[in-house]
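K.L.:
Dock chain B against the given chain A, drawing on the hints supplied.
Here's the letter readout for the chains.
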Amino acid sequence: MADYRTPLARARGLGAAGNGSKHWIGQRVSALALLVLGLWFVWSLALHSGFDYDAAIAWVRRPHVAVTLLLTVAMGFYHMYLGLRVVIEDYVHQIALKSALLVMVFAGSCLMGVTAIVSVLRIFFGGSVDG
Amino acid sequence: MQERPLSPHIQIYKPQLTSALSIMHRMTGLLLSLGLMGMSLWLIALSTGEKPYALWLTIAGNILVRILLVVWTWSFYYHLCNGVRHLLWDSGHGLEISAVYRSGYLALGASVVLTGLTWLMLAAAG
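Chains A and B supply the protein sequences, listed in that same order. Residue numbers for the first sequence follow the working numbering, so the first one is 1 and each next one is one higher. Residue numbers for the second sequence follow the working numbering, so the first one is 1 and each next one is one higher.
Here chain A stands alone, though its shape is the one from the complex (with noise of 0.2 Å):
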């Protein structure tokens, strides 16, 4: 059968997706949060004078430091998706695998994120259990 379409339109699609630039600009803005909340992640960590069990939940209580870890768990997982993603595309060129490899890293970081923002949200809202 022949094929009527023209040269632009079997080219279109082979190429760049055309979303770079939100990827681009996504990975720098994250990294500028990050730049913030991973330092005060690891500070806080540092200063703070121990870890017992009620002195973390305490801590984890306290409404700016719920907000602020909430806040590094969005980004810190935003930016690691953003930054595997490119790793597979640069390293794994056969489809299948690549195609699968972007999706388990999207599928993982959903589901890590999503768990970690539930948890802090249980620990502020006092849903811990002792046991």
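To be clear, the hints were calculated from the coordinates, so they are not data collected in a lab. Hints may contain errors.
Derived Cβ-Cβ restraints for the label pairs, each shown as a range [as the list claims (entries may be wrong)]:
1) A:Leu97 to B:Arg4: 35 to 45 Å
2) A:Thr115 to B:Leu69: 20 to 30 Å
3) B:Tyr13 to A:Val87: 15 to 25 Å
4) B:Asp90 to A:Ala16: 12 to 22 Å
5) A:Asp3 to B:Gln16: 47 to 57 Å
6) A:Asp3 to B:Ile97: 48 to 58 Å
7) A:Gly26 to B:Leu17: 49 to 59 Å
8) A:Leu97 to B:Arg26: 14 to 24 Å
9) A:Leu14 to B:Ser7: 21 to 31 Å
10) A:Val87 to B:Leu17: 20 to 30 Å
11) A:Asn19 to B:Ile97: 29 to 39 Å
12) B:Val65 to A:Thr115: 17 to 27 Å
Virtual Cβ for every residue (Gly too), placed ideally from N, Cα, C.
P.N.:
Coordinates of chain B only, in the frame set by chain A:
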């Protein structure tokens, strides 16, 4: 994908600070992905209760995990310092080769110093 000839690649070049720091940015990024999993597990354990949290503390107290925590701390600082280099380059600053080397040594040194300071604080806090 069709097999096509490749131009000479990294294996024929002398290792340089620039390329070494670049690949280290990726490797520390991968390590930090694992670190984020560790941080999430910490939050999950804490939200689940006292016993799971005690288990997490026991695991974190293991000498091998302690070493991993130090490696993660260094990875964090290195990725952060080198990330600042990238942000400066993206804004068009420090792209002269002498500046690239200077900021590279600075990032490397700063990551080691900051890791040391952080663990000194942790040791002091107990």
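K.L.:
Hint by hint, say whether it matches the structure.
P.N.:
Tested hints:
A hinted range of 35 to 45 Å for the beta carbons of A:Leu97 and B:Arg4 is inconsistent with their spacing of about 19 Å. Between A:Thr115 and B:Leu69 the beta carbon distance is about 21 Å. The supplied range of 20 to 30 Å therefore holds. The hint said 15 to 25 Å for the Cβ distance between B:Tyr13 and A:Val87, and at roughly 21 Å that hint holds. With their beta carbons about 19 Å apart, B:Asp90 and A:Ala16 fall inside the hinted range of 12 to 22 Å.
Distance hint for A:Asp3 and B:Gln16: a CB-CB separation of about 49 Å, consistent with the stated range 47 to 57 Å. Separated by about 51 Å at the C-beta atoms, A:Asp3 and B:Ile97 satisfy the suggested range of 48 to 58 Å. As the Cβ distance of A:Gly26 to B:Leu17 is approximately 29 Å, the hint placing it in 49 to 59 Å is violated. Between A:Leu97 and B:Arg26 the Cβ separation comes to about 19 Å, which falls inside the hinted range of 14 to 24 Å.
Distance hint check: the CB atoms of A:Leu14 and B:Ser7 are about 23 Å apart, consistent with the given range 21 to 31 Å. Take A:Val87 and B:Leu17: their Cβ atoms lie about 22 Å apart, and the range 20 to 30 Å holds. Hint check: A:Asn19 to B:Ile97, Cβ distance near 33 Å, so the stated range 29 to 39 Å holds. Our hint of 17 to 27 Å for B:Val65 and A:Thr115 holds, since their Cβ atoms are close to 21 Å apart.
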